[in-house]
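Undergrad: Below, each chain spelled out in residue letters.
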Amino acid sequence: MTLVIDHREQLQGRAGLHAVIVGVSAYDFLPREENEAFDPQLTMGLRQLSSTALSAFKVFCWLQEHQNTLPVPLATVRLLLSPTEAEQAARQEMEGLADPATRPNFDKEAKAWRADAAKDPRNVTFFYFAGHGAQQTPEDALMLMADFGNGEGVRLSNAVDISNIYQGMAASDAFPTMAQTQLYFVDACRDFLPAFRNYKPEAAAQIFDVQLNAPDDNRIAPIFFASVPGRQAYARIGQQTLFSEALLRCLSNDAGEIKEIDGEDRWYVSVHSLSEALTQVLAGSHQHVVGGMVRDALITFLEQPPSVQVSLEVIPADAVTLTHLEILDNLGHELPSPPYPEVPFPLPKHPYECVCPAGTYMIRAIIEPPDPRYTDVTRPNRKIMPPIYPGKVRVTS
Amino acid sequence: MTELHFRAFIGEKSLLGVVDLPVEVRKPNLSLVAQTVTSQRLPVGPGTYLVSARLPSGEQLYNTITVGEGEQDLDVELRPDPDEEIPISSAPISGFENLSFGLDEALTRDLEDRKLQEPRTAESQPVLRVFRGNLLQGPLTAQASADLIEPSTKPPLGEANFEVHAEPPALIQLLMAGTPPLNIMLPARDGERCLLTIRHRPDGSVNAELELHNLTANALLGFTTRGQFTQATALTSADSPELISQDLLYGKFRDAIAACVGAYTLLRQGEIKRLHNWTANLKEYMPWLPDGVTILAEHLARMGKHDEALQVLLELPDRGLPFFSDGLSYAVKRLRTYLEQGRSDVSFRVAPEAAVLLDNLRRFVPFTDFRRPILTFTGLDPAAPDETPLGDDLSTLEGLRTGPYFGHA
Numbered sequence: 001m002t003l004v005i006d007h008r009e010q011l012q013g014r015a016g017l018h019a020v021i022v023g024v025s026a027y028d029f030l031p032r033e034e035n036e037a038f039d040p041q042l043t044m045g046l047r048q049l050s051s052t053a054l055s056a057f058k059v060f061c062w063l064q065e066h067q068n069t070l071p072v073p074l075a076t077v078r079l080l081l082s083p084t085e086a087e088q089a090a091r092q093e094m095e096g097l098a099d100p101a102t103r104p105n106f107d108k109e110a111k112a113w114r115a116d117a118a119k120d121p122r123n124v125t126f127f128y129f130a131g132h133g134a135q136q137t138p139e140d141a142l143m144l145m146a147d148f149g150n151g152e153g154v155r156l157s158n159a160v161d162i163s164n165i166y167q168g169m170a171a172s173d174a175f176p177t178m179a180q181t182q183l184y185f186v187d188a189c190r191d192f193l194p195a196f197r198n199y200k201p202e203a204a205a206q207i208f209d210v211q212l213n214a215p216d217d218n219r220i221a222p223i224f225f226a227s228v229p230g231r232q233a234y235a236r237i238g239q240q241t242l243f244s245e246a247l248l249r250c251l252s253n254d255a256g257e258i259k260e261i262d263g264e265d266r267w268y269v270s271v272h273s274l275s276e277a278l279t280q281v282l283a284g285s286h287q288h289v290v291g292g293m294v295r296d297a298l299i300t301f302l303e304q305p306p307s308v309q310v311s312l313e314v315i316p317a318d319a320v321t322l323t324h325l326e327i328l329d330n331l332g333h334e335l336p337s338p339p340y341p342e343v344p345f346p347l348p349k350h351p352y353e354c355v356c357p358a359g360t361y362m363i364r365a366i367i368e369p370p371d372p373r374y375t376d377v378t379r380p381n382r383k384i385m386p387p388i389y390p391g392k393v394r395v396t397s
Numbered sequence: 001m002t003e004l005h006f007r008a009f010i011g012e013k014s015l016l017g018v019v020d021l022p023v024e025v026r027k028p029n030l031s032l033v034a035q036t037v038t039s040q041r042l043p044v045g046p047g048t049y050l051v052s053a054r055l056p057s058g059e060q061l062y063n064t065i066t067v068g069e070g071e072q073d074l075d076v077e078l079r080p081d082p083d084e085e086i087p088i089s090s091a092p093i094s095g096f097e098n099l100s101f102g103l104d105e106a107l108t109r110d111l112e113d114r115k116l117q118e119p120r121t122a123e124s125q126p127v128l129r130v131f132r133g134n135l136l137q138g139p140l141t142a143q144a145s146a147d148l149i150e151p152s153t154k155p156p157l158g159e160a161n162f163e164v165h166a167e168p169p170a171l172i173q174l175l176m177a178g179t180p181p182l183n184i185m186l187p188a189r190d191g192e193r194c195l196l197t198i199r200h201r202p203d204g205s206v207n208a209e210l211e212l213h214n215l216t217a218n219a220l221l222g223f224t225t226r227g228q229f230t231q232a233t234a235l236t237s238a239d240s241p242e243l244i245s246q247d248l249l250y251g252k253f254r255d256a257i258a259a260c261v262g263a264y265t266l267l268r269q270g271e272i273k274r275l276h277n278w279t280a281n282l283k284e285y286m287p288w289l290p291d292g293v294t295i296l297a298e299h300l301a302r303m304g305k306h307d308e309a310l311q312v313l314l315e316l317p318d319r320g321l322p323f324f325s326d327g328l329s330y331a332v333k334r335l336r337t338y339l340e341q342g343r344s345d346v347s348f349r350v351a352p353e354a355a356v357l358l359d360n361l362r363r364f365v366p367f368t369d370f371r372r373p374i375l376t377f378t379g380l381d382p383a384a385p386d387e388t389p390l391g392d393d394l395s396t397l398e399g400l401r402t403g404p405y406f407g408h409a
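So the sequence lines, in the order shown, correspond to chains A and B. So in the working numbering, spot 319 of the first sequence is number 319, and the numbers just go up one at a time. So in the working numbering, spot 356 of the second sequence is number 356, and the numbers just go up one at a time.
Source of the hints: derived by calculation from the structure; they are not laboratory data. Any given hint might turn out to be false.
List time: in silico BS3-like cross-link candidates among lysine-lysine, alpha-carbon distance up to 30 Å [as the list claims (entries may be wrong)]:
(1) B:K27 - B:K13
(2) B:K273 - B:K154
(3) B:K305 - A:K111
(4) A:K392 - B:K13
(5) B:K13 - A:K119
(6) A:K349 - A:K392
(7) A:K383 - B:K154
(8) B:K305 - B:K273
(9) A:K259 - B:K273
(10) A:K259 - B:K27
(11) A:K259 - A:K349
(12) B:K13 - A:K383
(13) A:K383 - A:K349
(14) A:K392 - B:K273
(15) A:K119 - B:K154
(16) A:K119 - A:K108
(17) A:K259 - A:K111
Bear in mind the structure is a predicted one, so any value in this text is a computation, not a measurement.
Looking at chain A on its own, in the form it has when it is part of the complex (with noise of 0.2 Å):
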């Protein structure tokens, strides 16, 4: 079973949008223990991976949660994993769901996923893929399937290429009414190997005839690369990779915005507030790139204003003690907690961390005791974004 969700009936030829998703952890073709023989050659040096099966269930799992906040209903999710034994012991409903990852199974689903896309320009489609992954330009990743280096065929047989597929989704004239928006994110390894060096991608299975595309190749299409290219991506053992973990916060509320849609003020997660709060929330600890074409456009909305992470820092440290920080709407009025912070005086730790309601506030320092040294200090019309405010207040004259 693959075609894990399907609304197309019920939707009866609306625009939707339309989901593929791999994860591959258990590679049936590369070594599973410290010790165990392998030929290089087929295996290139990889082992397998422990958490990129369950990163891609968790990304299907928000997609099915979420399905009435994006912007054109849930048509169909293509599901492929290929879990490890230890991912599917820690989410059991994962347990036949779907079928591997292999790239017979994929060159499938992909190419079905292509056919529902291209029925209609304002179809939207979301492309994910999570396991072992090679690099030559920012424009492209190799993504290998669960039997690679099975040894039939030339070495990249089961790998595919990101580019071809991204091409290969342009309209064109086989696919005239190709979906015109669409989210691809590639969570894989994109280190160098040696044995990668001088790997020509064209060796690699390609899923689609690729038409040079029609006139005005214009879609918003932006392709999300978890790891820059030649750096490795790096995941919480048996979890989550980072950047899923990253992805799906931001989808969920890092990445809010709020404009006026439809004549009401609205939060909501587009390509570009995406792409900045990803830059934030993994910075120092990863980096992503973004490629392909990068126009905005709307991912999902969020249901209530996002949370913002709040750090608050007296400045000089040595006014820490004597400052009592406040969080106050921004005429100065106090504001029930919860949802809003109520900062403890004296500080527990410096900078102070909380979470508040993203808004816009007044900050209020005031010096107990009075000290010469320093001053109270009021600060309105603070504007509380996420993911991430790092405010500074300042109590010396």
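Following the hints, position chain B against chain A.
TA: Coordinates of chain B only, in the frame set by chain A:
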């Protein structure tokens, strides 16, 4: 409606005429009302607004305004938060003022690549040299560095600044002990300059960063590198003529490099219609500019004119390697596509030539740092890139020794 006029300041320094910055105007509930740039006026209705301008390094300039009924114009001064300190790394070099618009924040977190043992001696400081020539078909020659690299006399602590004079096509090479030599293309036309800043980081590693002469183009590269596409869009919108103006339609290129940066951004955004026909002008009128070829080729390909795109790409060897990473990436992608298809509608006649060009460009790909928007790759011989690190002794390598030019306490 009231017209808002924006003026951005850092300290007492006005940025008017120095750099265009993206501006956001929001209601008190944070709802986004409009986006524009500091050089443009914005009409708004009565109300209270939170206004901010973003620097590519992440800092913001702010103001809160209240617009009354019937007000004609309103000057909006945008300044840093009083509790924030925005560093102004002023290193005036012949009028080239370096404000805090660098790209380094996005690119310097990875400390593994350029790690050195504490380079405290002048002898172990990086060495600079300049190459001029065609990296794709030669010849390539080293130039006398003293003629082309002008150091700043008063750099900040731990930093060395150099104005590099371009005689294109050219690149600057940074040699550091224990690491592969770093080659950075110089996106500038004859007579222009770029600013190279070399900084020591606390762990002893060194960061090298090249800035364009046009600060708005530089800011645009910074926003794009950080994935801040909203800000990048503002700088290339129809409201921001600094980079993309009507003059381009008539072949008037005030700054061809800035036009390249704008063009690559429009290509990335899929805003093909806004490229009009000036990409053809850029290629025709700037024969020294490799990116004129890659930009036009990508533009033609997006319009479905693949035969023409391929013919244009085949002119790249005469001009050399692109200045920008996007140029290399697009060229490789398109050549691959055309050769993979092996189609009769893409001329068989040129297929061997295209294959040679693709192989030539691919030599650079594994050694290119695609995080950097200006094409940067490793290799002692820039025409034969590799990742072989240098030894500890740089004394036999000719070039400008940077040691004396670092700022000291």
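Undergrad: Hint by hint, say whether it matches the structure.
TA: Here is what the structure says about each hint:
1. B:K27 - B:K13: This hinted pair holds, its Cα atoms lying about 28 Å apart.
2. B:K273 - B:K154: This hinted pair is violated, its Cα atoms lying about 46 Å apart.
3. B:K305 - A:K111: 26 Å, holds
4. A:K392 - B:K13: Satisfied, since the Cα-Cα distance of roughly 23 Å is no more than 30 Å.
5. B:K13 - A:K119: The given pair, whose Cα atoms are some 56 Å apart, is violated under the 30 Å limit.
6. A:K349 - A:K392: 15 Å, holds
7. A:K383 - B:K154: 38 Å, violated
8. B:K305 - B:K273: It holds: about 14 Å lies between the C-alpha atoms, which stays within 30 Å.
9. A:K259 - B:K273: Distance ~26 Å between K259 (chain A) and K273 (chain B) Cα, so the pair holds.
10. A:K259 - B:K27: 9 Å, holds
11. A:K259 - A:K349: Violated, because 35 Å separates the two Cα atoms, which is more than 30 Å.
12. B:K13 - A:K383: Holds, at about 25 Å.
13. A:K383 - A:K349: 23 Å, holds
14. A:K392 - B:K273: Roughly 44 Å between the alpha carbons, so the hint for K392 (chain A) and K273 (chain B) is violated.
15. A:K119 - B:K154: 64 Å, violated
16. A:K119 - A:K108: 18 Å, holds
17. A:K259 - A:K111: Violated, because 37 Å separates the two Cα atoms, which is more than 30 Å.
Checked against the numbered hints listed earlier, the structure breaks hints 2, 5, 7, 11, 14, 15 and 17; every other hint is satisfied.
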